[in-house]
Every structure is written in structure tokens, then in C-alpha cells.
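Student: The whole structure should be built from the sequences, with the hints applied where relevant.
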Amino acid sequence: MVENKEKQDRHFPVFAQDNLLRRLLSNSKKFNPYVTEGQVVADLGCGPGYFTLPLAECVGPLGRVYAVDSNEKAIRALEKKADKHGYSNIEAHAASASDLSFIKDGSVDFVLANGLLCSMAPKHHESTVNEIKRILKPQGQAYIAVDKGRFSYVEKAEWEKILEGFRIEGRGDSKMGDRWAVVSIKHQ
451 MVENKEKQDR
461 HFPVFAQDNL
471 LRRLLSNSKK
481 FNPYVTEGQV
491 VADLGCGPGY
501 FTLPLAECVG
511 PLGRVYAVDS
521 NEKAIRALEK
531 KADKHGYSNI
541 EAHAASASDL
551 SFIKDGSVDF
561 VLANGLLCSM
571 APKHHESTVN
581 EIKRILKPQG
591 QAYIAVDKGR
601 FSYVEKAEWE
611 KILEGFRIEG
621 RGDSKMGDRW
631 AVVSIKHQ
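Going by the working numbering, the sequence shown opens with residue 451, and the numbers climb by one from there.
In case anyone wonders, no lab produced these hints; they're calculated from the structure.
For each residue, glycine too, the CB sits at the ideal point set by N, CA and C.
If you anchor each label on the Cβ, the simulated ranges turn out as follows:
1) G615 x P483: 20 to 28 Å
2) A544 x E614: 26 to 34 Å
3) A607 x P511: 41 to 49 Å
4) K611 x Q589: 18 to 26 Å
Computed list of lysine-lysine pairs in BS3-like fashion (alpha-carbon distance at most 27 Å, straight line):
5) K554 x K479
6) K636 x K598
7) K587 x K480
8) K554 x K587
9) K583 x K636
10) K554 x K636
11) K611 x K598
12) K573 x K598
13) K573 x K583
14) K636 x K611
15) K611 x K583
16) K554 x K611
17) K598 x K583
18) K606 x K583
19) K480 x K530
20) K583 x K479
21) K480 x K598
22) K636 x K480
23) K534 x K479
24) K573 x K611
25) K531 x K554
26) K530 x K479
27) K606 x K480
28) K554 x K530
29) K480 x K534
30) K587 x K611
31) K523 x K534
32) K531 x K480
33) K523 x K480
34) K636 x K573
35) K606 x K636
36) K598 x K479
Tutor: Okay, structure coming up:
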């Protein structure tokens with residue numbers, strides 16, 4: 451038997467992405483300071499919308515949140531929650547973040563990619579980072595975080611290479627075992 455050693459995208463169960471334990475450990479509104487009313491946000495790897503709904507509330511009815519996840523079950527759960535809470539400013543897409551062709555170039559004020567690359571096969575990392583750069587407005591920012599544990603698809607050397615392509619506004623290691631950075635587009 452030949453073993454397939456190529457890493458595949460991972461989908462986590464919807465209940466594991468929005469539950470009591472997560473609400474106790476992670477503030478769902480922690481990214482709200484990065485956005486203001488009327489802005490456009492892309493939540494990449496949004497799952498069932500743990501951060502999406504607070505971001506939609508923050509940008510208000512004049513703003514827009516693109517919620518993107520390759521897990522169709524998570525997108526359906528997000529759409530149900532958005533309908534239940536009356537959010538009409540969320541545009542949900544069951545798609546890979548490595549192809550965001552439904553989002554215009556330079557149209558997004560803030561990109562959230564919290565744990566996204568850790569869930570994607572490494573072969574999609576470069577195209578995903580390029581898509582983040584493409585959709586960001588010239589003055590836009592992105593929050594990118596990866597797990598630094600042994601199950602991460604993003605090793606330290608790759609993390610540093612990813613960051614080289616951006617201007618770093620801030621970076622660090624969280625108590626939860628993540629590497630994170632707030633980045634913006636490098637201007638020539």
C-alpha cells in the first residue's frame with residue numbers, strides 16, 4: 451500500500467469552533483478595534499462565524515463582511531446565525547481562501563486570517579497570502595495568526611517568509627500558542 455504523505459486541508463467540526471469553552475478562552479470581539487463603521491472586512495477561514503458576527507455588528511449596515519470558509523457546513527451554520535440575528539451585511543462564501551476572485555482588488559479594509567493557514571494544505575499558502583495582498587486596500591491591515599504547535603502546517607521559517615512580504619505593524623506570540631502579526635501592504 452502506498453501512503454499519501456501530501457497534507458490536505460483540514461475542517462474542524464462546527465461545534466468545536468463556537469462553543470462555551472472557546473467563548474471563555476477567546477474574546478469574539480477582540481478584532482473589533484481594527485475596524486470601524488462602514489468598512490469592508492474579509493474573515494477568511496470564518497467557520498460558523500465566531501468572529502464574523504461581531505465584525506458585522508462593528509462595520510454596521512453600511513459596511514460589509516466577506517465570510518469565507520471551504521467547509522460548507524460551517525458556512526450554512528453562519529448563514530443561519532446571521533439570519534437569526536438580522537445581519538444583512540455578511541456575504542458568505544463556501545470557497546478556498548486561495549481563490550477570492552469574488553472580491554475586488556484593493557477593496558478590503560481589514561482581513562482576518564486567524565488560524566487559516568494552519569487548516570490549509572501547505573501547497574495553498576502562497577496563493578492565499580497573495581490573495582490577501584490583492585484584496586487589501588493600500589492602507590488596509592490584516593491580522594494573520596498561525597498555531598506554533600506540532601500540528602501546525604506553518605513552520606517558523608515559512609512564517610518569517612510570509613511576513614517578509616508585508617509591512618509589519620505588530621507581532622507576537624499569544625498565551626494560546628499562536629504566532630500572530632498585524633500587517634499591511636509594503637509600498638514600493
